[in-house]
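Heads up: the protein sequence lines correspond to chains V and A, in order. The opening residue of the first sequence carries number 1 in the working numbering; numbering runs sequentially from there. The opening residue of the second sequence carries number 1 in the working numbering; numbering runs sequentially from there.
Honestly, the hints are just simulated from the structure, not real lab data. By construction, the Cβ of each residue, glycine as well, lies at the ideal position given by its N, Cα and C atoms. There could be a bad hint or two in this list.
[Stated by the list, open to error] Going by beta-carbon spacing under 8 Å, a handful of chain A positions derived as facing chain V:
1) 3
2) 41
3) 45
4) 54
5) 56
6) 59
7) 63
8) 64
9) 68
10) 91
11) 95
12) 102
13) 106
14) 107
[Unchecked claim] Below, simulated SDA-like cross-link-like pairs (lysine to any residue); rule was C-alpha separation at most 20 Å, straight line:
15) A:38 <-> V:38
16) A:106 <-> V:3
17) V:24 <-> V:55
18) A:106 <-> V:24
19) A:70 <-> V:55
20) A:106 <-> V:8
21) A:106 <-> V:105
22) A:106 <-> V:108
23) A:3 <-> V:44
24) A:106 <-> V:88
25) A:106 <-> V:59
26) A:106 <-> V:89
27) A:3 <-> V:103
28) A:3 <-> V:111
29) A:38 <-> V:55
30) V:24 <-> A:43
31) A:38 <-> V:88
[Unchecked claim] Using C-beta positions, here's what the derived DEER-type ranges look like:
32) A:5 <-> V:9: 28 to 36 Å
33) A:46 <-> V:78: 24 to 32 Å
34) A:48 <-> V:97: 16 to 24 Å
35) V:83 <-> A:59: 37 to 45 Å
36) V:85 <-> A:57: 28 to 36 Å
37) A:41 <-> V:84: 21 to 29 Å
38) A:62 <-> V:84: 38 to 46 Å
39) V:68 <-> A:57: 23 to 31 Å
40) A:52 <-> V:53: 38 to 46 Å
Chain by chain, the residues:
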Amino acid sequence: DAGVIQSPRHEVTEMGQEVTLRCKPISGHDYLFWYRQTMMRGLELLIYFNNNVPIDDSGMPEDRFSAKMPNASFSTLKIQPSEPRDSAVYFCASSPDRVEKNIQYFGAGTRLSVL
Amino acid sequence: AQKVTQAQTEISVVEKEDVTLDCVYETRDTTYYLFWYKQPPSGELVFLIRRNSFDEQNEISGRYSWNFQKSTSSFNFTITASQVVDSAVYFCALSRNRDDKIIFGKGTRLHILP
């Protein structure tokens, strides 16, 4: 089975532009997580979904960030408008049901550079 | 509050040496899970191990071993006979039983020198 798939792998954009990051979780996984990784702050959980429903978005930095999961096989993280301080690697991870909960399987990440 | 501390930010050892990565955690819960993840230069995070708080047995998997000690709130990771391919950033993490999310430490960057 394919792992978690993220696209694009790299994104370079200019300040003020809208950025959309995409994630396809592992088929059959009930949980989906979005993380941001920076040198200063390490790995931060932004938001997570259970069965396509957002459960905890307390890590979303501000209103410029939004995430959706329209179906079990797709999620997006959108930044509008983007700012240079949003430059980071964004990871998506998925996890099976509660029997194997918390073992999260990560995608390769999207490296975002906002100029 | 939950917290994971990896005091070693960066370690360098020569190939074939043994190396231990330290992890200290804080939680008030009696039931929790501890994890180690590896992030190689390619960037993705790879799950290595999960241990629940009721299982203090040490675990060995090939050259990797983990020492869980509740008395010192530590969950240390040892690589025996290190290899260049072990070079990566290693993250220790903690999750409460009733939580779906994981709290990660800041990571330890390990360099294995040939």
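Going through the hints against the structure:
no. : hint                      : result
1   : 3                         : violated (12 Å)
2   : 41                        : violated (12 Å)
3   : 45                        : holds (4 Å)
4   : 54                        : violated (15 Å)
5   : 56                        : violated (18 Å)
6   : 59                        : violated (15 Å)
7   : 63                        : violated (21 Å)
8   : 64                        : violated (17 Å)
9   : 68                        : violated (16 Å)
10  : 91                        : holds (7 Å)
11  : 95                        : holds (5 Å)
12  : 102                       : holds (6 Å)
13  : 106                       : holds (4 Å)
14  : 107                       : holds (6 Å)
15  : A:38 <-> V:38             : holds (16 Å)
16  : A:106 <-> V:3             : violated (25 Å)
17  : V:24 <-> V:55             : holds (18 Å)
18  : A:106 <-> V:24            : violated (26 Å)
19  : A:70 <-> V:55             : violated (30 Å)
20  : A:106 <-> V:8             : violated (25 Å)
21  : A:106 <-> V:105           : holds (19 Å)
22  : A:106 <-> V:108           : holds (19 Å)
23  : A:3 <-> V:44              : holds (13 Å)
24  : A:106 <-> V:88            : holds (15 Å)
25  : A:106 <-> V:59            : holds (17 Å)
26  : A:106 <-> V:89            : holds (15 Å)
27  : A:3 <-> V:103             : holds (18 Å)
28  : A:3 <-> V:111             : violated (27 Å)
29  : A:38 <-> V:55             : violated (27 Å)
30  : V:24 <-> A:43             : holds (17 Å)
31  : A:38 <-> V:88             : holds (19 Å)
32  : A:5 <-> V:9: 28 to 36 Å   : holds (31 Å)
33  : A:46 <-> V:78: 24 to 32 Å : holds (27 Å)
34  : A:48 <-> V:97: 16 to 24 Å : holds (21 Å)
35  : V:83 <-> A:59: 37 to 45 Å : holds (44 Å)
36  : V:85 <-> A:57: 28 to 36 Å : violated (44 Å)
37  : A:41 <-> V:84: 21 to 29 Å : holds (25 Å)
38  : A:62 <-> V:84: 38 to 46 Å : holds (43 Å)
39  : V:68 <-> A:57: 23 to 31 Å : violated (42 Å)
40  : A:52 <-> V:53: 38 to 46 Å : violated (26 Å)
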